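Here the sequence shown is numbered in our numbering, starting from 2 and rising by one per residue.
Derived by calculation from the structure, the hints in this document are not laboratory data. There could be a bad hint or two in this list.
[What the hints assert, rightly or not] Simulated restraints on C-beta separations:
1) SER38 - ARG100: 21 to 31 Å
2) MET90 - LEU111: 31 to 41 Å
3) GLU67 - ARG37: 26 to 36 Å
4) ARG15 - LEU79: 18 to 28 Å
5) VAL75 - LEU96: 26 to 36 Å
6) THR110 - THR35: 13 to 23 Å
7) THR35 - ILE106: 28 to 38 Å
8) LYS87 - THR53: 46 to 56 Å
9) LYS87 - ARG8: 20 to 30 Å
10) ARG37 - HIS80: 31 to 41 Å
11) ASP26 - MET101: 26 to 36 Å
12) ASP23 - LEU105: 40 to 50 Å
On a predicted model such as this, the values are computed, not experimentally measured, just so you know. The C-beta atom is built at its ideal place from N, Cα and C for all residues, glycine as well.
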Amino acid sequence: GYVQQMREGYYVLRIPAARLRDVMDGVSGLGMVTQRSLQARDVTEEYVDLTTRIRVLRDTQNQLLELLKRAKTVEEALHVRQALDKVTMELEQALGRLRMLENLIGFSTLTVYVDERGPQNDIPSSNDPFPWVDSLGVEATEWN
């Protein structure tokens with residue numbers, strides 16, 4: 002015999018961090034768990050550094066806006082404007098990274114790999130040298 006069709010796939014779930022254990026237990030109840038691992042990443046230092054950087058960039062942006070108001074020549078205004086554009090771009094990047102970290106902190110990612118299996122009660126047992134063939138639900142054969 003042979004395997005005619007086998008379906009498999011995976012799901013990536015984003016779950017509120019406080020509910021991760023409950024969801025993991027619920028998923029475990031749906032079938033046989035063959036492997037489980039849990040990984041964590043501490044982003045505290047990065048979060049603190051980023052919030053400090055954002056505060057400094059906002060202060061710098063405000064100072065540059067004041068300088069722009071006081072610019073006396075077009076050349077002065079252009080130089081300040083270039084610096085202001087650079088700071089604004091850095092600020093937007095930092096704010097985007099902060100939003101991403103807040104999403105990481107608030108939600109956990111659970112990846113579930115699934116294999117579809119047929120009914121296991123009618124699988125014949127064989128004495129063949131490849132016992133894994135039995136788990137596929139194919140007919141037993143005798144090996145000589």
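**OP:** Could you work out which earlier hints the structure fails to respect and list their numbers in ascending sequence?
**Re:** 3, 4, 8, 9, 10, 12
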